[in-house]
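The sequence shown maps to residues 1 to 1123 in the numbering used here.
The hints are simulated quantities; they were obtained by calculation from the structure and are not laboratory data. It is possible that some hints are incorrect.
Said to hold, decoys possible - Simulated restraints, written as ranges between beta carbons of each label pair:
id, residue 1, residue 2, range
1, 671, 611, 27 to 37 Å
2, 231, 602, 39 to 49 Å
3, 969, 1087, 36 to 46 Å
4, 965, 1008, 38 to 48 Å
As the list claims (entries may be wrong) - Straight-line C-alpha distance at most 16 Å; calculated EDC-like pairs for lysine to aspartate or glutamate:
id, residue 1, residue 2
5, 231, 241
6, 688, 662
7, 1088, 1111
8, 944, 227
9, 601, 611
10, 245, 227
11, 1051, 1015
12, 415, 449
Quantities reported herein were computed from a predicted structural model and do not represent experimental measurements. Where is the CB? At the ideal position from N, CA and C, for every residue including glycine.
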Amino acid sequence: MDLGDWLQRLGLGQYAAAFRDHQIDDAVLPTLTSEDLRDLGVGLVGHRRKLLDAIAALRVKADISDPLSDAPEVAVEAAVNAERRQVTVMFSDLVGSTALSVRMDPEDLREIIAAYQQCVANTVRRFAGFVAKYMGDGVLIYFGYPTAHEDDAERAVRAGLALINAVSTLPTPETLQVRIGVATGLVVVGDLVGTGEAQERSIVGETPNLAARLQAIAEPNTVVIADATRKLLGNLYELRDIGAKELKGISGPVRAFVALRASSVASRFEAMHPSGLTALIGREEELELLLRRWARAKSGDGQVALVSGEAGIGKSRLTAGLMEAIAAESHVRLRYFCSPQHTDSAFYPIIGQFERAAGFAVGDTAAARLEKLDRLLARTRTSQQDAALIAEMLSLRNDGRFPVLELGPEQRRQKTLEALGTQLQTLARSNPLLMIVEDAHWADPTSLEAFGRTVDLVPSVPILMIVTYRPEFEAPWIGQPHVTVLALNRLGHREVGSMIDCVVGDKALPVDVRKAIIERTDGIPLFVEEMTKAVLETGGELEAMQIAAAVPSPALAVPPSLHASLMARLDRLGPAKELAQIGAAIGRVFSHALLSAVTSKTDAELDLALDRLIAAGLLFRQGMSPNVNYLFKHALVQDAAYGTLLRGPRRVLHARIADTLETKFVEVIATQPQLLAHHCTEAGLIQKAARLWGDAGQQSLARSALIEAAAQLTRALNQITGLPTTTALRREQIKFQVALANVMMHTKGYAAPETKAAVDQARVYIDRAEALGEPPEDPLLLFSVLYGSWVASFVSFKGDICSRLARDFLSLAENKDEKAMRMIGHRLTGSALLLTGEIAKARMHYDQAIAVYDPDEHRTLAMRFGQDTEVACLSFRSVAQWLLGYPEAALADTERALRTARSIGQATTLMFALRHVSVTCIQCGAYEAASAQIDELVALADEKGASLWRALATVDKGYVFTLTGRPRDAVQMITSGIGVARSTGSTVFMQVDLSYLALAYAALDQFEESWDCLDKAFTASATTKAHWWEAETSRIAGEVGLMSPVPDIAKSEAYFDRALAISRAQQAKSWELRAAMSMARLWHEQGKRDEARQLLAPVYGWFTEGFDTPDLKQAKTLLEELG
């Protein structure tokens, strides 16, 4: 291009000599700034503005079609590859061009079209729009490509309204009119299509089509915009809603608006927040509050500060300010970083903190890491048991230096949580402790539990715990006296101005640019900081104004304005942009070693690019070489960099990361299979990803990280569903589905619909595999599935189904000659028989199971089959022993069951034993012992988050209250417990619950409610076939009849007769004794002493033990009264 001719066309030929003398050529021209032009002698502001506008137009043209030279401009290079961008598209069409072609000479029409096209180009250029394509009388225009601005939607509407005026004033024979459509959305833009003069940058997506369709429905001289564009405008414009429109080629109705004019709202902030303003304050008060909490913590009055706020509001900056303020003070600082890619990775932020504190380095051997961990834990004089637990949490294999802990997964998990709490308490004894948990909304459930425990222990130790999170996270610790909630608001103009000054430093910033930043950032600190930096990196005042004039959009995860600002900076960084994208794909935090391995760049190239990213404020560097990590300054920065990648390049990148992790970071994958699973998923390597997700789920299950396990296993199974089936894949599917069913039993409840669905699906998979001649490699998998089906039918008691499933289990075990499974089959059969009323047979099966049980061989089965088999059999056999008339044997079984359960140390086994043993103790009249067991169960269930066991314990407490003269408390406890238990699908002891509730209501003279409960109890017995309690329900019904204001003697006597008949048929001597006593008392009152004695004496005489229990004592006393 001849610069002299160019200047002449602008009417500024007088500056040609100056340009020539200063060697301004095609390559230099696009970089000129206002200050450069002043140095060239362009003194008039009007001339400088005219030149800057023309230079800006050349930049736009150069990005797409006509580079001024072969010099590789960074911004041009960034636009070469297609990218995902948020673009506002305008389509302008000349009204009546067809009619004009009929009335006018073709040459005259050509001049009108040319004038119209030039008018469009000149007008949209003023608003930084880009004319992408002329299509006769139609023009396609982009706002947001190739140069993004944060207010592209507003610019498009302003340009449209300005274009209407500009076209109408063109000097043409007839006044011209236009129709304009505007739409905003995500597109892929930038692919070069065509050749030569026809070459253009394509745009793909619904947005350009939508803009064209909106233009078609527009009235002459109107701008019609889509709803997505309207949302970005706030109240900046007056709009007329024209309703939802059906548009050709667009799925579903589209709500559309006509842009009328700019609104009268003076404040952009108010305009962008039509629902009302939020008070804007600085951060000095918040920092002062944290310092006061720190002072209290140092004095031993531990504190927790919950810092909440939207993304970019300054949560991390506030905590950094506190750290700076107390840096000179002696204290210990612990920081925990939660990650969106590790929301189901148990202990993830805690593991990261330990690894940083211990100084783990890439390439460390397991022995080296253990040595480093030893040195770290020596500072806190950590016990060997706790050290073993922490080493295991860090996936470090015990080389013999730690004791071998024989713990079940749940017990190990709980002991680990306790060890972490002990660590914190020990650290805090030597120095005040500042503990910062960042981004708790991304914390995994197990870490949240650990943090919750820390919140509980904080009051007694010198700890200030700060937890930051976004508003969508509901912090469960609010309301405690030592917890302060600090919700961060946006900054005011004065504070924003101060922030701009800090970023700018000693650099000059034009007043107009400064004002624009203050007005456009809406007080969000991240927006202020990032926009100011973008302005400082511009080449001149015009570009600075364009970047500063931005509209933030909090409606989007990454606001288009901030994304565009970051994109502009990334584009100018050249090779560093690629590194930012790679780092973003790896994760929020990435190591120098992994980045280097993935990029295959030289160390010099890598360091140079990373330095540029750090200097640009996009990354933080942590650690010292060679163990350097990089942290994206904000999640939005990572999202913006990652979001530009198209699916194809993104998959290739994730595949490269996965391959690098697998080949060069084996120790990471061994402990974090979910990390490799994530990258394989994003790479489209679904079969591999599915296996890894399943492995991760099983690893989490083994650690008792049940919520994480459920998420990982579900993901694995969902991915397998979409793959072509093979023998190996079917076996993986079975294994993961069985594991998921196991998880569901603990998290949802044994009889919950989700658990049943998981078990049923596992059975379907196994049946299909066996039909294909591909039985599971693990022979016990089928038994696990059968157990799941049985336990669901037992807890929601369905007698016929439960009995059939128990028989099927036992039969299969016998056919396969599986000794251990035969033992469990006897347990299941015994439990089914017990509740259906075949009590003697039930005891026989329990006896057989207990006789076979070998602790060394069978104790590990507890994790697969819910509880330890011996404990389960002893617990239920104690009930059978009491029913059959052997109270002392029953109590002996309860003591043995509890003793064994405590020695095993598995929470689920102990909860099972406490619940069922307490039932036996209640029947034996050992109310004090039962109450202690129930209280222990409540505490343990609360600790483990076991809602079902907590509910059953509450009901049991109600039983005790019923029998010890506290009926009002009994009603409250039983009804509340029943509600929770039923919500999990548990109905197994419904008759018991309703019978005791009926007795409590009767004691309160609420007989209508009492009889309603009894009717439901009888119905439940009939429908579920749970007949074991039916005799007692009948006896209680008789007692309630006698307690009524008008006793129905005959009805009560009939109930007692029924109770006697059922108990005799079931050989349930304890029920028979109670029924005989009730009938004997009634006859005694009627003067039938002989009949009463003849009824009760032989029943009492049958007993050989338990004479110290209340039932037998009462029977003896009654017989003495009868003479």
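Comparing the hints with the structure gives:
Judged by the Cβ atoms, the range 27 to 37 Å given for residue 671 and residue 611 holds: they are separated by roughly 31 Å. Between residue 231 and residue 602 the beta carbon distance is about 46 Å. The supplied range of 39 to 49 Å therefore holds. As the Cβ distance of residue 969 to residue 1087 is approximately 37 Å, the hint placing it in 36 to 46 Å holds. In this structure, residue 965 and residue 1008 break the distance hint of 38 to 48 Å, their C-beta atoms being roughly 22 Å apart.
Simply put, residue 231 and residue 241 have alpha-carbon atoms about 13 Å apart, close enough for the 16 Å limit, and the pair holds. Restraint check: the Cα-Cα separation between residue 688 and residue 662 comes to about 12 Å, which is no more than 16 Å; the hinted pair holds. With a CA separation close to 22 Å, the supplied pair residue 1088 and residue 1111 exceeds the 16 Å bound. Taking the CA atoms of residue 944 and residue 227, the gap is about 48 Å. The hint is violated against a cut of 16 Å.
Distance restraint check for residue 601 and residue 611: the Cα-Cα separation of roughly 14 Å lies within the 16 Å cut-off, and the hinted pair is therefore satisfied. Between residue 245 and residue 227 the CA atoms are separated by roughly 11 Å; this keeps the pair inside 16 Å, and the hint holds. Between residue 1051 and residue 1015 the alpha-carbon distance is near 14 Å, which keeps this suggested pair within the 16 Å criterion. A C-alpha spacing of about 13 Å is found between residue 415 and residue 449, which places the hinted pair at or below 16 Å, so the restraint holds.
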